[in-house]
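Below, each chain spelled out in residue letters.
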Amino acid sequence: MNNCVIKLEDLKKNYKMGSVDIYALRGINMEILEGEFVSIMGPSGCGKSTLLNVLGCLDKPTEGKYYLNGCDISLLDDDTLSDMRCNYLGFVFQSYNLIPQLSVVENIEIPLYYQGVSPNESRKKAIEIASRVGLAERLYHKPTELSGGQQQRVGIARALVNNPLVILADEPTGNLDSKSGKEIMDIFIELHTQGKTIIMVTHDENIARYGERIIRLKDGLIEKDERVLSKIGATT
Amino acid sequence: MGFKSLWLHRLRSLLTMLGIVFGVASVIAMLAVGEGASQVAQEQIRRLGSKNIIVRSVKPALEQKATGQRSRAIEYGITWEDATRIRSSIPDVEVLVPNRIIRDVVWNTQWRVDGQIVGTVSWYPEMRQLRIIEGRYFTEPEVAGIKNVCVLSINTITDLFPNGSPVGKSVRIGSDYYKVIGIIEDEGGIGTASQSQNFLVQTSETKNTTERRSENLSYQGKMGKRDEGKGPGATPQYRIYIPITAAQKRFGETLVRRTTGTFEAERVELHELIVMVNMENRVEEVARVVDSILQKYHKQRDYELTIPLELLRQAERTKQIFNLVLGTIAGISLLVGGIGIMNIMLATVTERTREIGIRRALGARKRDIILQFLVETIIMSGTGGLMGIGLGLFIPYLITYFASMPTIIRLWSPLVAFGISAGIGIIFGIYPALRAANMDPVEALRHE
Ligand SMILES: Nc1ncnc2c1ncn2[C@@H]1O[C@H](COP(=O)(O)OP(=O)(O)OP(=O)(O)O)[C@@H](O)[C@H]1O
Ligand SMILES: [Mg+2]
Numbered sequence: 000m001n002n003c004v005i006k007l008e009d010l011k012k013n014y015k016m017g018s019v020d021i022y023a024l025r026g027i028n029m030e031i032l033e034g035e036f037v038s039i040m041g042p043s044g045c046g047k048s049t050l051l052n053v054l055g056c057l058d059k060p061t062e063g064k065y066y067l068n069g070c071d072i073s074l075l076d077d078d079t080l081s082d083m084r085c086n087y088l089g090f091v092f093q094s095y096n097l098i099p100q101l102s103v104v105e106n107i108e109i110p111l112y113y114q115g116v117s118p119n120e121s122r123k124k125a126i127e128i129a130s131r132v133g134l135a136e137r138l139y140h141k142p143t144e145l146s147g148g149q150q151q152r153v154g155i156a157r158a159l160v161n162n163p164l165v166i167l168a169d170e171p172t173g174n175l176d177s178k179s180g181k182e183i184m185d186i187f188i189e190l191h192t193q194g195k196t197i198i199m200v201t202h203d204e205n206i207a208r209y210g211e212r213i214i215r216l217k218d219g220l221i222e223k224d225e226r227v228l229s230k231i232g233a234t235t
Numbered sequence: 000m001g002f003k004s005l006w007l008h009r010l011r012s013l014l015t016m017l018g019i020v021f022g023v024a025s026v027i028a029m030l031a032v033g034e035g036a037s038q039v040a041q042e043q044i045r046r047l048g049s050k051n052i053i054v055r056s057v058k059p060a061l062e063q064k065a066t067g068q069r070s071r072a073i074e075y076g077i078t079w080e081d082a083t084r085i086r087s088s089i090p091d092v093e094v095l096v097p098n099r100i101i102r103d104v105v106w107n108t109q110w111r112v113d114g115q116i117v118g119t120v121s122w123y124p125e126m127r128q129l130r131i132i133e134g135r136y137f138t139e140p141e142v143a144g145i146k147n148v149c150v151l152s153i154n155t156i157t158d159l160f161p162n163g164s165p166v167g168k169s170v171r172i173g174s175d176y177y178k179v180i181g182i183i184e185d186e187g188g189i190g191t192a193s194q195s196q197n198f199l200v201q202t203s204e205t206k207n208t209t210e211r212r213s214e215n216l217s218y219q220g221k222m223g224k225r226d227e228g229k230g231p232g233a234t235p236q237y238r239i240y241i242p243i244t245a246a247q248k249r250f251g252e253t254l255v256r257r258t259t260g261t262f263e264a265e266r267v268e269l270h271e272l273i274v275m276v277n278m279e280n281r282v283e284e285v286a287r288v289v290d291s292i293l294q295k296y297h298k299q300r301d302y303e304l305t306i307p308l309e310l311l312r313q314a315e316r317t318k319q320i321f322n323l324v325l326g327t328i329a330g331i332s333l334l335v336g337g338i339g340i341m342n343i344m345l346a347t348v349t350e351r352t353r354e355i356g357i358r359r360a361l362g363a364r365k366r367d368i369i370l371q372f373l374v375e376t377i378i379m380s381g382t383g384g385l386m387g388i389g390l391g392l393f394i395p396y397l398i399t400y401f402a403s404m405p406t407i408i409r410l411w412s413p414l415v416a417f418g419i420s421a422g423i424g425i426i427f428g429i430y431p432a433l434r435a436a437n438m439d440p441v442e443a444l445r446h447e
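Which chain is which? The protein sequence lines are A and B, in order.
Quick note: the first sequence uses numbering that gives the first Met the number 0, first residue 0, plus one each step.
Quick note: the second sequence uses numbering that gives the first Met the number 0, first residue 0, plus one each step.
Read the hints as simulated data drawn from the structure, not as lab findings.
Take these hints with a grain of salt, some might be off.
[Claimed, not checked] Heads up, simulated BS3-like pairs for lysine-lysine below, C-alpha to C-alpha not over 30 Å straight-line:
| # | chain 1 | residue 1 | chain 2 | residue 2 |
| --- | --- | --- | --- | --- |
| 1 | A | Lys11 | B | Lys365 |
| 2 | A | Lys123 | B | Lys3 |
| 3 | A | Lys141 | A | Lys11 |
| 4 | B | Lys365 | A | Lys123 |
| 5 | B | Lys146 | B | Lys248 |
| 6 | A | Lys59 | B | Lys146 |
| 7 | B | Lys248 | A | Lys141 |
| 8 | B | Lys365 | A | Lys124 |
| 9 | B | Lys365 | A | Lys6 |
| 10 | A | Lys64 | B | Lys365 |
| 11 | A | Lys15 | B | Lys365 |
| 12 | A | Lys124 | B | Lys3 |
| 13 | A | Lys141 | B | Lys146 |
[Claimed, not checked] What the simulated footprint calls covered on chain A by chain B, stretch by stretch (three residues with Cβ under 8 Å from a Cβ of chain B suffice, anywhere in the stretch; the number is not a length):
| # | stretch |
| --- | --- |
| 14 | 68-81 |
| 15 | 142-149 |
Positions of the beta carbon are idealized from the N, C-alpha and C atoms, including for glycine.
This is chain A alone, in the form it adopts within the complex (with noise of 0.2 Å):
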């Protein structure tokens, strides 16, 4: 029932550092599947932000194929990157990436006004999903003006405000404290259940728990793909 929404064939990343190669990523092959909880875990520098980036549409793979909704990004051009990542994807980052000028709806409004929504409706929608996250009260502050786990939950708002095929996230609770981080990943287990497509990066064992599969990398290559069998959030 459940359709594909991501692929990777033999995926290869290379940078060019000098005369040096470094290969980040050597060869992964996957699928994740609409609606999956994917928890992507690994030592430092294994390459999982790299395969991240490759997912979101930021970076090209050197070699390899990656089907987004059964679209070949490789042969995608620059503006039609930027309209996928518009249209189909969600970014949680692990420092917020919250732009510090405007407020907490402004913020969230950013997707929305690169899909050329009208700013009325845009600004409804924003409050909509503000008002989701536990966000009412505080719609016109700046960002410097809310805690971390607030400030998360805005970068939340955004990734969902245009309605995404998958949400990336590049360990969100990596600067929360473990209360905060609950309270962020709760928000991950609803949108779960409601049937989103995520994939978290994460260092955290008990984090990566709260997904149904945790993909585990080794220096470029997937080491282990397995099914978490007794969910935390199902748990507590």
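Based on these hints, arrange chain B with the ligands on the given structure of chain A.
Just chain B with the ligands now, with coordinates in the frame of chain A:
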């Protein structure tokens, strides 16, 4: 969106804009000063009449060495015969105005001025486009009847008649009394004999005598500013017009001029001859003919020709050069302003690398980023342009007020200046915007 980030860095944006502000202001102000100055010069030349040729008597320079004959008066200049010859041999000549110009003291009881007594004909004001301010000018019968009447130029009034209108009263010159019948407009600095030497335009064959003079072609003279007391033969501006017949009868043809220690007598029949040609496009041709007629009957070059039309052309050329120079200076200042903007925009782009990365990750295309930064630059240079226009309209006013220099602001000059500033915004904004757009999104996101 653009306003917001500019507003956040108010001081920085303002300082950046200053380059454009001053650039635009200087463009407008300089153009206004240039236009004003050239307008004055052109107006004064036009006063001389674009259809006129002015022939003046000049003392030949070579005569000086003849020290033997001290008692004899130096004889030079245009004669009545010349006038008749010109009239009879050139059909295109419409009017001839013979003038005699004599310097003497003019008295009204205890008040006096050193005046230029101009003996002339009744249609003189018409030809020189001079307005009668009060009373009337003398008539042809009055000229024919050798009447002792006079018309004063307006600037003599304050010194000669401080207590009210002179019309109906009399002035004394030497031992003769002249009834004042009218007041006439000043001819302006350029119209008098001494001033217009600066404006000398030579016909083709007159190089030898006039080369020396062309050094006098002063900027001040060009601008029509008075330089009384400066230069050789500077004459007062106070003019008293009397019928030429009266001038001939009362003053004779020999004039005595007192120079340091010695008396110098000179005999001049006519000091000035204004030849009006019926068509403007014949002026230069007629001037050549006049010159050759005079040359035939004059042993030495004791006359000079001034062609206002040529002066006008020359003034126009000067104005073009003036505008070119000003334009270059203003262009450079705008360029500097533009580079200032580019500099700040490059700094802004670097500073906001992270924001660019975020926006790209959230779906912004390259052209969205280009637009964002370009809009900011254009807002900045546009606002600077508007402020510059404000300042540029104000500076000429100050110049006119404090330096009493005429300034003229043409409608197109603020428009052009604004167009240039907006253009600079685009030109100098393009590069920083492209640099922003071409950043690698991943790198940009990683940027601290
Ligand atoms: N732009 C780049 N230029 C050169 N090498 C790079 C670049 N980006 C990543 N790398 C290299 O690719 C490898 C994988 O990096 P990546 O950031 O994906 O690791 P990571 O798994 O996310 O590590 P961490 O857990 O510390 O975030 C590293 O060896 C890194 O040095
Ligand atoms: Mg990483």
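So, going through the hints one by one against the coordinates:
1. A:Lys11 x B:Lys365: holds, 26 Å
2. A:Lys123 x B:Lys3: Holds. Lys123 (chain A) to Lys3 (chain B) sits at ~21 Å (cutoff 30 Å).
3. A:Lys141 x A:Lys11: violated, 40 Å
4. B:Lys365 x A:Lys123: holds, 27 Å
5. B:Lys146 x B:Lys248: Holds: Lys146 (chain B) and Lys248 (chain B) sit about 10 Å apart, inside 30 Å.
6. A:Lys59 x B:Lys146: Status violated; Cα separation ~105 Å.
7. B:Lys248 x A:Lys141: Violated. Lys248 (chain B) to Lys141 (chain A) sits at ~98 Å, over the 30 Å cutoff.
8. B:Lys365 x A:Lys124: The hint holds at about 25 Å.
9. B:Lys365 x A:Lys6: At roughly 27 Å apart (the allowed maximum being 30 Å), Lys6 (chain A) and Lys365 (chain B) satisfy the hint.
10. A:Lys64 x B:Lys365: OK: Lys64 (chain A) and Lys365 (chain B) at ~24 Å, within 30 Å.
11. A:Lys15 x B:Lys365: holds, 24 Å
12. A:Lys124 x B:Lys3: holds, 22 Å
13. A:Lys141 x B:Lys146: violated, 94 Å
14. 68-81: holds (count 3)
15. 142-149: violated (count 0)
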